[in-house]
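Fit chains B, C and D to the supplied structure of chain A, relying on the hints for placement.
4 protein chains.
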Amino acid sequence: MNTVTLGIIGAGRIGRLHVDNLLSVPQVKIKAVSDVVVDHLQEWAASKGISVLTTNYQDLLADPEIDAVFICSPTSTHAQIIQEAARAKKHIFCEKPVSFSAEQTIEALRVVEEEGVQLQVGFNRRFDPNFKKVRDLVQQGEVGQPHILKITSRDPQPPSVDYILTSGGLFMDMMIHDFDMARYVMNSEVVEVSAQGAVLVDPAIGEAGDIDTAIVTLKFANGAIGVIDNSRQAVYGYDQRVEVFGAKGAATADNCRPTTVEVSTVEGVVKDKPLYFFLERYTQAYIEEVTQFAKTILAGEKALCTGNDGLQAERIAKAAKESFLAGCPVKIEHETVTAQ
Amino acid sequence: MNTVTLGIIGAGRIGRLHVDNLLSVPQVKIKAVSDVVVDHLQEWAASKGISVLTTNYQDLLADPEIDAVFICSPTSTHAQIIQEAARAKKHIFCEKPVSFSAEQTIEALRVVEEEGVQLQVGFNRRFDPNFKKVRDLVQQGEVGQPHILKITSRDPQPPSVDYILTSGGLFMDMMIHDFDMARYVMNSEVVEVSAQGAVLVDPAIGEAGDIDTAIVTLKFANGAIGVIDNSRQAVYGYDQRVEVFGAKGAATADNCRPTTVEVSTVEGVVKDKPLYFFLERYTQAYIEEVTQFAKTILAGEKALCTGNDGLQAERIAKAAKESFLAGCPVKIEHETVTAQ
Amino acid sequence: MNTVTLGIIGAGRIGRLHVDNLLSVPQVKIKAVSDVVVDHLQEWAASKGISVLTTNYQDLLADPEIDAVFICSPTSTHAQIIQEAARAKKHIFCEKPVSFSAEQTIEALRVVEEEGVQLQVGFNRRFDPNFKKVRDLVQQGEVGQPHILKITSRDPQPPSVDYILTSGGLFMDMMIHDFDMARYVMNSEVVEVSAQGAVLVDPAIGEAGDIDTAIVTLKFANGAIGVIDNSRQAVYGYDQRVEVFGAKGAATADNCRPTTVEVSTVEGVVKDKPLYFFLERYTQAYIEEVTQFAKTILAGEKALCTGNDGLQAERIAKAAKESFLAGCPVKIEHETVTAQ
Amino acid sequence: MNTVTLGIIGAGRIGRLHVDNLLSVPQVKIKAVSDVVVDHLQEWAASKGISVLTTNYQDLLADPEIDAVFICSPTSTHAQIIQEAARAKKHIFCEKPVSFSAEQTIEALRVVEEEGVQLQVGFNRRFDPNFKKVRDLVQQGEVGQPHILKITSRDPQPPSVDYILTSGGLFMDMMIHDFDMARYVMNSEVVEVSAQGAVLVDPAIGEAGDIDTAIVTLKFANGAIGVIDNSRQAVYGYDQRVEVFGAKGAATADNCRPTTVEVSTVEGVVKDKPLYFFLERYTQAYIEEVTQFAKTILAGEKALCTGNDGLQAERIAKAAKESFLAGCPVKIEHETVTAQ
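Residue numbers (full-length UniProt numbering), protein chains in the order written: chain A, 1 to 340; chain B, 1 to 340; chain C, 1 to 340; chain D, 1 to 340.
Bound-form chain A, shown alone:
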C-alpha cells in the first residue's frame, strides 16, 4: 500500500479542517464523505476532488477501496461507529472524546482490538512542535526526574450555552486535552485528581450546569504532582502553556504569537497577543496529526495517540468532575485495555 484511501464521516468544522489538511498529505487519497445532510456540501466536495458524497456512513464502511475512516461526527455516535468501522476492517481516526462513558469507550476499544485495526484519537496538541519538544526533553532526561507539571489552558472566548449543554462539561470537553497532555509529557499515569471550579466568566454557564474556570491538581504514578488551570475566556487570546519541572531543571513551552514584532512608545513596549484560537495555534499540529496517522497506517505501526490514550483522558476527566462535585480528591484506577 502506497496510499491510504480515506472516508470522512462528518463534515462539520473539524471534518472539513481535516479534509483540507489531508489534501496536502501525499500519502493520502480522500474518496468519500458522509454527513447527515449533504446537499450544501456538493460544491465543496467537488472542489476537493472527493467523488462520493453520502448521507449514510455505512456506505463508506462497505466500500472495499476505503482503508480508513475519520470519525468527525458528534461524540454520542463515536463508540458505535468505531465498532462498525473496526468490524469492517477499517483503520480509524476518531475525534476526542471517544465517548462520554468509560464503559462505551472500553467496549469500542475491545472491538478495535479484536479486529486488529489501528485507532488514533484526535488529541491534536500532542503534535504541536512546542509540546512535543517538552515531552522529548523530559524523555531524554534533560530535566531529570519530573517533580511538578504545570499546564495553563485558556480559551479566548466561551462557546455558546447550547454547545455547553451537550459538551459533557468543562472537564470532559476542554480540560480533557490537558489531561492527555499531562500523560503525554510526563509519560506517567494520573492516579489522583482534586478539582476546584467556579463560574466567573458568565453566569449563564453556571445556569447551564457547568463551570467556566477550574484548577485541578494531579498525582502521577511516578510520584510527581501537577496542576492544570482552565478558563473559558482569556480576553488576550488562546493561552496554552506547559511546564515540566524536575530534579535537573525545567522545560517550558510558552504561547505562540503571529509575529515577533515589538513596538516601543511612550506608552510601553507592546508585543503580539497569543495566536487567537485552536485553528491558528494548532495549524501545524493538525497537519502533523493526520500526516502521522497516514504514515503509521502505511507502515503498519501503532498509532501515536491510541484508544487507550483516549480512555485514560476520559477517566481523568470523569474523576475530576466527581472530585469537583464531592469537594475532595478522587483516585483513578488505570488498568489499560491491552491491545491499545
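Hints were generated in silico from the structure; no laboratory data involved.
A hint or two may mislead.
Copies of one chain are not kept apart here, so a pair can be met inside one copy or by any two copies together.
What the hints assert, rightly or not - Derived lysine-lysine pairs resembling DSS-like cross-links, with alpha carbons at most 25 angstroms apart:
#1 Lys31 / Lys48
#2 Lys29 / Lys48
#3 Lys248 / Lys271
#4 Lys48 / Lys295
#5 Lys29 / Lys331
#6 Lys302 / Lys89
#7 Lys89 / Lys29
#8 Lys248 / Lys31
#9 Lys96 / Lys302
#10 Lys302 / Lys132
#11 Lys271 / Lys29
This is chains B, C and D only, laid out in the frame that chain A set:
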C-alpha cells in the same frame, strides 16, 4: 520625631541584613543590639556605629531612647518579646512567622492593640517592585475581576535537615510567604485550601517528617481560585513568579536575572539563570521594607504589613498542613484581630 | 479569468519551491515547466500534475493558454526572457535580481511597460508577516517620522566559492534583499550609501574577489538614516532582524524560532536558535508572495513588488559596491521607470 | 593605607552623585568639597559628614590628608586641574571627557605619567554588569574572533540648547561613551570612522550647530567592523544595547527595565519601558566605578579606565566629527601615551 531610634533583637543572618539596610535609611538610628551571645559581635557592632551591645533584650525595652525594636530572634521567642515590647511602648518589626500557634499570635496581637503600638511583620516580598506592580495593577482594575492566581516559588537548594526539624515544615516556613503574597496581590482572604505534597528532592527531608515539593490550591472570599507550587530545590536558581488572571486580562511577574545578556552559539541561545536566592532577589525589597517601617512609624501611620497579615498567613499555613495530612480540602475562618 | 495558468522557466531549487507553493494556491494552474535539461524532471513533473515539460522556454511563451510565467533561470538570462515574455503578453514573476546591469534592467522594464503586462520581482521578504507588520506600523505613523533604520541579515553559512564567483558579489547577491527591505519599510528612496566590508569568515571568499562581512549606511530621501549589517556566516542560524526608530517610538522584528521552549538548568536558560535558513524562515513569505502574484494578476492590479523595486535595489547594490571599492560614500539618482 | 581620603572638586549633579555613592564605599572617607559657589551646599555637606567646604579647589590639593580628588568641574577646567592635582601627588578620578583637545589631554596625561599618580576617567558604562559580561564573554573567546560590533545608544530626551552649545557636540558629548564602549568590549583600537548625521529631533539643535541623530561605522585594528547609532530622543526611554558578533556566535546586552511585569489584555501584551535615563540605568555602574577607583588606589594598581582610554575616545570623537563634516571616512592614529 525626625528619626526612629532602633534596637535590634537577634543578630543572626537576618538581623545583620536588616542592620546593613537600615544604615542606608536616613530616618533611622540604630542604638543597640542584643543577642544570646555577643562576644563575636563587638567589632561588627563598632563598625556599624552601634553603641550598645547586650545579651539581654530587655535592656533595649527599658531604654527610653529606643522607639522601636526589630525582633529577629528565633520564632519560638517572637510572641513573648512582642508582648514585652508592646508593654514597653516600643513599635515593633517582627520577622515572620509571628509564632507557630494561632493562639500565641492572637494573644500577642491583642497586647499590641491594647498598647497602641505599630507592628510590622517581615513579609519582605510585598516590597518587591515586581510583585507590588502586579498588586497595583490588580487594585487598579487593569486585569478586571480576578479569576485565577498562580504563584511559583522554588528555592535553589534545600536547607539543612537540622533547620527543617525546627522550621515548622514547608507550609509554615516556606509557603507562608506565598500565602501572604496571595492575600496581598488578590486583596481577598483565603477561605479554603487543598494541599498536595511529596518528598522528591531528598529522602532525608521526608525522614525528618517534612515534604519538599507541594502544590496548594486556594479559594478566595471574592470567588477567585488560585494555586501555589513550591519546591525546595530548583537547580537553576530561585524561581519566583506571580500571575493574576482576570476578566480583563493577566498580569505576570517573571524572574529577575543578573544581566540581560544573551549568548547565541551553535549550541543555542542562552540567557542568565534567575538571581540565586533571596538575598540577591529581594535586595531592594529588604531595603524598601525597613524604609517603609521607619516612614510609617514617623508618620504615625499603620504598618504596610500588619500583625493581622501575619496571623492570616499562619492560619492558611496551618490549614494547608491539615489538608495535606487529611487528604482533603480545609476551610479557613478569617475573623481578623481588630486593631491590626 | 478565474484561474491563472502558469509556465515555470527554470526548475532549480527556487523554481521547484515555487511549484510546491503554487500547488496550494487555488487561483493557479501550472501547465508547463522548462529547463535546459529535463530528463531528470519527468517523474517530479508528473507527480505535480504538470503536463508540459520542455527544454525550450519559448514553447511556454508561444502557448496561448499560459497567462503568466515564472522566471527562475540564472540571473544572466532574466532580462532577455522578461522582454520575450512581455512581447508574448505574458505576465511575469521574475526572481531577483532582474539583472546585474542597470541598463539591461531598464531596457527590460521598458518593454514590460510598453506591453502593459505585470512584472513582480521576487523579493520574498516583503511578504514575511513580521516585516510586513513593521512596514504597516511605519505607514500608519505608529513610530512617527522615521529617523533610523537598522537591518541585520546574516546567513547561517556561506555558499560555495563557485557560487560566489557568479553571484555578483555580497552587495548584489545578499544585501540586495536588505536594500529592498530598506525601501519597503521606510517607504522612501535611498539617496546615498557608504559601505564597509571585510573578509572575516573565509579567506577563500576574499580570494574569489568578494567580501563576507559588511556594514552599509544609508541616507533616505525623507531625511532618515539607516544601517545594514551582513555576514555570510552566523553559526547560530539565519539572523534576520529589522528595526525602525522614529519620533514616536520604535518597531522591531526579531528572529523566528522553531519553538517557544526554554530549558532552565544549572548551566543557564536556553531557547531555540533562529530558524535555520531562508527555506525555514520564509516558508510563509514564499507562499504569500506567489499567492499575491496570482491575486493581483486576476484582479488586474499592479504587482506588490514591481520591476522598479527590482531596479532601485540593484542601483543601491551597485552604489554600495562602488562605495566599498572607492572608500567613500556614493550618491544615488533615483529616477523611476514610469509604468513600474 | 586602609582608607582613601578624598576631595571632590565640583559639586554639581555628577559631583553630588559620586558623593552619595562614595558614602556606601567602606574604603573611602570624603573630607572636602570645593565649588565656585558653596553657600547653598552647607547643609548638604554637613548631612554627608563632609568637614571642609571651600571655593578654592587648590585648598584640597594643598591638604596633605587628601589622597585623591574627583574632578567633576566643567570640562574646560579638567586638563588644568589634572596637572595641578598630579603635581600635588594626588590620585585622580576625572569625569569624561578629559578635554576637548587632544593636545591638552596629552599634556595632562604627560604630567600624570611624570608624577606617577593614578588617573581614572569616568566612563561609567564600563562598570555596568551587562556590558561587562559582554566584554568578558568576548575576552574569553565565547563568540570567537569578533566580526561585527553594534551599539545602540539613545537618550530619552535632548538636553537644553544651552547645554548643547557648550557640550562639544553629539560626537564628543554623547557618542564618546559609545566610542569607549567599542574599545572596551572589542579590546581593539578603532582605526577608521565614517559618520552620518542628521537633525531630526529638534531644528533648534541644528540651529545651535549640532546634530541629534547619527550613525557611525568603525574599523578596528583587529579587522572587525562596527556601527554605533545615537539619537537625542527615544520617547520610550534610555535605549542602551550592545552586540558583538563573531566567528563562534553573538553576545547581546539588552535594555534594563524597572520590573519584569507583563500585562496581557485585549489591546496586546505590554512590558515596561527601559529604565528612564542614566541615573536609573547606571545606578550600579556608578557605584562600582567609584568602588573600583578606591580599590585600585589602595592596592597600588592601575586604574580600570585610564587616561589613555579617555584620550583614545576623544580622538575617535574628533575623527567622527571630521568625517561628518567632510562626508568621507577618516583614519585614526592610535599611538598611546605610555604610562597610561
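Here is how each hint holds up against the structure:
In this homomeric assembly, Lys31 and Lys48 come within 25 angstroms of each other (Cα to Cα) both inside a single copy, at 10 angstroms, and across copies, at 19 angstroms. When the C-alpha separation of Lys29 and Lys48 is checked against a cutoff of 25 angstroms, the pair qualifies both within a copy, at 11 angstroms, and between copies, at 15 angstroms. For the identical chains of this complex, Lys248 and Lys271 are inter-copy neighbours only, at 16 angstroms across copies versus 31 angstroms inside a copy, given an alpha-carbon limit of 25 angstroms. For the homomeric pair Lys48 and Lys295, the shortest alpha-carbon distances inside one copy (21 angstroms) and between copies (20 angstroms) are both at most 25 angstroms.
Neither within a single protomer nor between protomers do Lys29 and Lys331 lie at most 25 angstroms apart by alpha-carbon distance, with minima of 44 angstroms and 59 angstroms respectively. Within a single copy, Lys302 and Lys89 get their C-alpha atoms as close as 15 angstroms, which meets the 25 angstroms cut-off; across copies the closest is 55 angstroms, which misses it. Taking the shortest Cα distances, Lys89 and Lys29 sit within 25 angstroms of each other inside one copy (18 angstroms), while across copies they are farther apart (38 angstroms). When the C-alpha separation of Lys248 and Lys31 is checked against a cutoff of 25 angstroms, the pair qualifies neither within a copy, at 50 angstroms, nor between copies, at 47 angstroms.
Taking the shortest Cα distances, Lys96 and Lys302 sit within 25 angstroms of each other inside one copy (18 angstroms), while across copies they are farther apart (47 angstroms). Proximity of Lys302 and Lys132 under a CA criterion of 25 angstroms is satisfied intra-copy only: 18 angstroms inside one chain copy versus 43 angstroms between copies. Taking identical chains as interchangeable, the C-alpha atoms of Lys271 and Lys29 are never at most 25 angstroms apart, the minima being 41 angstroms within one chain and 39 angstroms between chains.
In summary, the numbered hints that this structure violates are 5, 8, 11.
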